[in-house]
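Student: Each chain, written out:
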Amino acid sequence: MPVMNYIQALNSALHNEMERDPRVVVFGEDVGRAGGVFRVTDGLQSRFGEERCFDTPLCEQGIVGAAIGMALNGLKPVAEIQFMDYILPAYDQIANELATIRYRSGGQFSAPVVVRTPACGGIHGGHYHSQSTESIFTHVPGIHVVMPSDPYDAKGLLIQAIRSEDPVLFLEPKKLYRSARAEVPEEPYTIPFGQAKVLREGTDCTVVAWGVMVHVCKEAVEQAARKGIECELIDPRTLAPLDEEAILESVRKTGRLVIVHEARRNTGFGAEIAALVAEKAILHLEAPIRRVTGFDVHCPFTLDPYFLPDAPRVLLAIEETVGF
Amino acid sequence: MPVMNYIQALNSALHNEMERDPRVVVFGEDVGRAGGVFRVTDGLQSRFGEERCFDTPLCEQGIVGAAIGMALNGLKPVAEIQFMDYILPAYDQIANELATIRYRSGGQFSAPVVVRTPACGGIHGGHYHSQSTESIFTHVPGIHVVMPSDPYDAKGLLIQAIRSEDPVLFLEPKKLYRSARAEVPEEPYTIPFGQAKVLREGTDCTVVAWGVMVHVCKEAVEQAARKGIECELIDPRTLAPLDEEAILESVRKTGRLVIVHEARRNTGFGAEIAALVAEKAILHLEAPIRRVTGFDVHCPFTLDPYFLPDAPRVLLAIEETVGF
Amino acid sequence: MAATEVLQLLAPDGSAASEELPAELDPQRLVGWYRNMVLLRSFDRRALNLQRQGRIYFYAPASGQEAAQIGSAAALQDGDWMFPTYREAGACYQRGLSLQALADQLFGNARDLTKGRQMPNHFACAALRIVSISSPIATQIPQAAGCAIAQKIKRERAATLCYFGDGATSEGDFHAGMNFAGVFRAPCVFFCQNNQWAITVPVSRQTGSESIAIKAKAYGFEGYRVDGNDILAVYTSVKQALDKARAGGGPTLIEALTYRMGPHSTSDDPRRYRSESEVAEWERRDPIVRFERWLRSRGWLDDATVAAIERETAAEVEQAIRSAEAVDAPPPQSLFEDLYAEPTPRLREQQRELLGLIERGVVERITRTPLFG
Amino acid sequence: MAATEVLQLLAPDGSAASEELPAELDPQRLVGWYRNMVLLRSFDRRALNLQRQGRIYFYAPASGQEAAQIGSAAALQDGDWMFPTYREAGACYQRGLSLQALADQLFGNARDLTKGRQMPNHFACAALRIVSISSPIATQIPQAAGCAIAQKIKRERAATLCYFGDGATSEGDFHAGMNFAGVFRAPCVFFCQNNQWAITVPVSRQTGSESIAIKAKAYGFEGYRVDGNDILAVYTSVKQALDKARAGGGPTLIEALTYRMGPHSTSDDPRRYRSESEVAEWERRDPIVRFERWLRSRGWLDDATVAAIERETAAEVEQAIRSAEAVDAPPPQSLFEDLYAEPTPRLREQQRELLGLIERGVVERITRTPLFG
Ligand SMILES: Cc1ncc(C[n+]2csc(CCOP(=O)(O)OP(=O)(O)O)c2C)c(N)n1
Ligand SMILES: Cc1ncc(C[n+]2csc(CCOP(=O)(O)OP(=O)(O)O)c2C)c(N)n1
Ligand SMILES: [Mg+2]
Ligand SMILES: [Mg+2]
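Chains as they are written, first to last, in the numbering used here: chain X, 1 to 324; chain U, 1001 to 1324; chain V, 2001 to 2373; chain R, 3001 to 3373.
These are computed hints drawn from the structure, not numbers from a lab. Please read all numbers here as calculations on a predicted model, not as lab measurements. One or more hints might be untrue.
Here are the simulated DSBU-like cross-link-like pairs (lysine-lysine), alpha carbons at most 30 Å apart as the crow flies [as the list claims (entries may be wrong)]: (1) 227/X / 197/X; (2) 1253/U / 1197/U; (3) 1197/U / 1218/U; (4) 1197/U / 280/X; (5) 3154/R / 3244/R; (6) 1280/U / 253/X; (7) 1253/U / 1280/U; (8) 280/X / 1218/U; (9) 280/X / 1253/U; (10) 1280/U / 1197/U; (11) 1253/U / 1227/U; (12) 1280/U / 1218/U; (13) 1280/U / 197/X; (14) 280/X / 1280/U; (15) 1280/U / 227/X; (16) 218/X / 1197/U; (17) 1253/U / 253/X; (18) 1227/U / 280/X; (19) 2244/V / 2152/V; (20) 1197/U / 1227/U; (21) 3154/R / 3239/R; (22) 3152/R / 3244/R.
Per the computed footprint, the stretches of chain X lying under chain V, defined by three or more beta-carbons under 8 Å from a beta-carbon of chain V, are [as the list claims (entries may be wrong)]: (23) 12 to 20; (24) 59 to 67; (25) 73 to 79; (26) 86 to 93; (27) 99 to 106.
Heads up, the beta-carbon is just placed ideally off N, CA and C, and yes, glycines get one too.
My request is simple: use the sequences and hints to build the entire structure.
Tutor: Here it is as structure tokens:
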């Protein structure tokens, strides 16, 4: 099996699906001729033609709005927003339109659009190239929210997203684009939504993380293990639908929970996980639920490394939770 | 002291502040000549002239964008978004621009804009006249989020908002516009941000609610009292900044927490409160933290009353929590 | 034609500017349009009354805009798509949405095609390619452009007709949709009913441009004005634009000058912001009266037929409303359907939660659309 | 002047179309502009190198756009406001932002006026009314309109100059800002540097309209094109538009035709999407060369002066960079400042959290802007 980085895995998924299904069209800013500023859509235009992979005007509300119309009329749009920071002008089209059309039409219409976007920080891009605002999307029913943490998951979940009958927001931690590598089949395969991945089993503390933070946590739980603390590390992979059961089951076993995300703490998705556990597994909790997250500031440029959780911070939280 | 409804209290605050401070300007869709679709800005244009109270084109991203520019240049804009459901096209201007300008300019610039908007449901307006999406704003640092539950608070907090040096999102539960009445001074007064109001003291269960839900909870906690359950009812009034201490202190006393909001449950602001308590007061908790909220659907038209929490649902949650 | 000239085929007095009619317009079809206009006027009046009586919650009338609505929708062909707004009951009806479906939607009953999910006036019909209406202004414009781009990619010989008001032209989404259509030369006809008002705001406050039609220049395609109270002018211009779009000629913007004779909606009192003389002036240009005069002048309509049409359409409207009102509310479990193709575990759990609450009597079962007030 | 004609005062060979210069343009001022253009070209080159060496993280060069930037900013008066984008190092410098301030910002050091909060190129200077640059495209356009509306309300005799690129004209915010300015007749000059590309997308893909200037018609005000590589044409047209705005004449859109000679930013490789011949063609229209030829032809510049200017500006640039690089990173507690006028309890708590982590050695103290890679 070939080894691919995250970009190659996504690119392979797009090639597979465009090959398989003539309804799939890929578009966004700079995705066509140039193959995307991160090259995720590289080679698609030359392979499938300008009608199936094309550049759009610089207008996110237009990109998502047009994607909805294309999906209504039977195409399968895979739209790229160049950075997640720039998805906000399209927030209305996503939350008020895309996520609602099936419901408000009584199930008559659906717009199974995939919106892909490079998310999260760690590339020293300042506030406008670092945001992970997944929680403003998980608040909206009618759309799936996916954030794979490695190339294998990325490919399987992207193909699942493209085949989904529902809209999907597909978040790609750009820091992993070139740094994460894995064995990835050339052939298409899918990974179902709503199934968490347990990266490490353990009995002392449950650690839940997604995106780049999965890698940070891997390091932290290994260090914890060296200190005799056995953590269970869970990557939900899809935040909506969320594999609640996997998290609850783990917490029932470990009695302890540390949630790690890049997004700002206040009303981040970590809050939802904490609330679910505080409602459904409270009797099992033996320590406070800890959130290790971005601080409640705008990700700064020079001081960026302070903003993001790193392995030492996670390890400390694990130790404090277990030692509580 | 005159008795005012919520609209009159807001209108009085606007009159006071426009009188006091010539920099205050009020604008939005239909707010000028007609005085707003809910009449909150009634009489301002005739009293203060067309340059200080005026209609804008139908464009929320323009309203907030222009408000930022006006604030930069020394005016004190109080912009109205006609319904909170229609604030989403301005989400980018609010989250990426308004909330960041002080930070990203190193404190050189500030844009102390007040964005007022009728929020929440209960008026049978379907999805597009019912949303309370406060949690997508509490996730954003740099902006205050306020939702007063009665006319007295509404006036004091609106004046505080207008005098604030920071941007404020001011959410007005439209169901209370004509139904809530209170004694309200004609003169200006302020209520500081970040101070919760305890509407009822009690030792058995803490109930936290805001907006219309405060009234629903008042009913529920009275019914609970008749059954011998003494609840402590807390209205945070401002969600950002949040009076964490008031909530934590109450939970430390009661050991029980029910959070009630209209917004959808998933990643609503109730999750943040639950997470804070699960982190900072877990040892005091004697029962699961319950959230009584809107369901994770789009507020429907005909079945609207199912969507919103009502007193019986809150009462049941209180009983189950106390009986746990 | 310049963007500020106005195409008119019927003068307000019902006299025709030209005697030549497109071949497809036989008297039967024309009288059919007239009948639809009369029916809609009657539906409008009836719906306003229902709201006043507290039997429906809300209504947005379109009286005065019947020519613009019927004339434009009449120009559509089967394969075309249509993106209406809340004011387009007339266009939806002309497209084929039954009076019963309209009435059911107003009541949000269990038979409503949209399952009572949305406020009155928010129709949807997939079979007729009438795209689900949402309340936010202008959001349908880039969607319509996208639908038309898909038509082009799929090489369909079809077009998309996108409705919106004068107020909508101020939104960012208007710009987005027009620009996408222009860049991709999408087969999209943008049909703006400039009814002079966006709730209380006059069009002069909406834009500094000399017309709405001229805005097409900013996107590299043609825009023109038609008399929106002249059904022949509306039909002809929309038909030409749709034909051109289907033939690969790209998008067109049509500004139909018309007037909302009634309130913005049942929540609005227009006397607060506009003069009686303005209203009276436009009443003289009533599109139904004008078309009736012309049909009479051609000998295709007479007193008896007019009376019969009025009687019959009123009865039809009455019947549809009675029937709609008699139908129950949608069932409670439907609250959790149609969010996704398959409900998520979270939704299933919440459905159980609600049904449990109903069963235990904590929450009351809804059997009818709750009354107003 | 029609929206598709192009105002030009200096031909590419440096010959002048007209010999009459505005009175305020004395040789000293003109040579000063030339010096600034040369300095910026040198700053650009140096910054690109710094990034390649991993000493700064990012840079967006403006080589080729010096005439558009210096010429436009030179037309501003003290009371005016300016809303630049990340490409406007030149305009900011001309407005008065010191070379040292520019360099400090690139390094995001503790002396940076913006406290190292943003990526390189995102300048801000309240004292000079240079509004804080944010990365999202076009968001500054309605803000600039609002600033100008405030100028009008406050009866200031001042105007606002709003910068943006060709790509920005596609955003909803462009429409919003232009429309607000048009409706309120705000004293705002919209200055679009059409440098032919938005990263890899050519302007022909950005809009179907025949020019960007023509888009002003959609908002009821004047728009025209100038040769953006002709500093005299740029200065003259922006000055006229600002004067008109200050005198109550409302907004203007100016489309300056120019070219980004380098990459979009240090993350970009333009060879992937544009031809060498295109680049060569525009290099022949280099705005510095053109202006230099003209200044020489008037006898205001000679070999010795040019050499001195090149030497001195290079040294100034070098000095500013050295100085900037030597300054420490902002202190850790500054992470939690400037969110609000007063920090909230939550921020104070998090500040204690971070400082505690640093104290305990869990988190490493940042002393310099981390290196690239
Ligand atoms: C995004 C958004 N903002 C505000 C509103 C509130 N609103 C409903 S209708 C309307 C006026 C629309 O005017 P126009 O486009 O001219 O259509 P008309 O009602 O005249 O048919 C407004 C402001 C809305 N529905 N959506
Ligand atoms: C809202 C938003 N979308 C996308 C981007 C990514 N982006 C950065 S610069 C750019 C192109 C801008 O082109 P133009 O407006 O012509 O300015 P230029 O770079 O040519 O000066 C894009 C797409 C962004 N910064 N903001
Ligand atoms: Mg209108
Ligand atoms: Mg450009």
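Student: Are the hints correct? Go through all of them and say.
Tutor: These are the hints, each one checked on the structure:
no.: 1; hint: 227/X / 197/X; verdict: holds (24 Å)
no.: 2; hint: 1253/U / 1197/U; verdict: holds (16 Å)
no.: 3; hint: 1197/U / 1218/U; verdict: holds (13 Å)
no.: 4; hint: 1197/U / 280/X; verdict: holds (29 Å)
no.: 5; hint: 3154/R / 3244/R; verdict: holds (17 Å)
no.: 6; hint: 1280/U / 253/X; verdict: holds (22 Å)
no.: 7; hint: 1253/U / 1280/U; verdict: holds (13 Å)
no.: 8; hint: 280/X / 1218/U; verdict: holds (26 Å)
no.: 9; hint: 280/X / 1253/U; verdict: holds (22 Å)
no.: 10; hint: 1280/U / 1197/U; verdict: holds (20 Å)
no.: 11; hint: 1253/U / 1227/U; verdict: holds (20 Å)
no.: 12; hint: 1280/U / 1218/U; verdict: holds (26 Å)
no.: 13; hint: 1280/U / 197/X; verdict: holds (29 Å)
no.: 14; hint: 280/X / 1280/U; verdict: holds (18 Å)
no.: 15; hint: 1280/U / 227/X; verdict: holds (26 Å)
no.: 16; hint: 218/X / 1197/U; verdict: violated (44 Å)
no.: 17; hint: 1253/U / 253/X; verdict: holds (29 Å)
no.: 18; hint: 1227/U / 280/X; verdict: holds (26 Å)
no.: 19; hint: 2244/V / 2152/V; verdict: holds (13 Å)
no.: 20; hint: 1197/U / 1227/U; verdict: holds (24 Å)
no.: 21; hint: 3154/R / 3239/R; verdict: holds (22 Å)
no.: 22; hint: 3152/R / 3244/R; verdict: holds (13 Å)
no.: 23; hint: 12 to 20; verdict: violated (count 0)
no.: 24; hint: 59 to 67; verdict: holds (count 7)
no.: 25; hint: 73 to 79; verdict: holds (count 4)
no.: 26; hint: 86 to 93; verdict: holds (count 3)
no.: 27; hint: 99 to 106; verdict: holds (count 7)
The structure shown violates the earlier hints numbered 16, 23.
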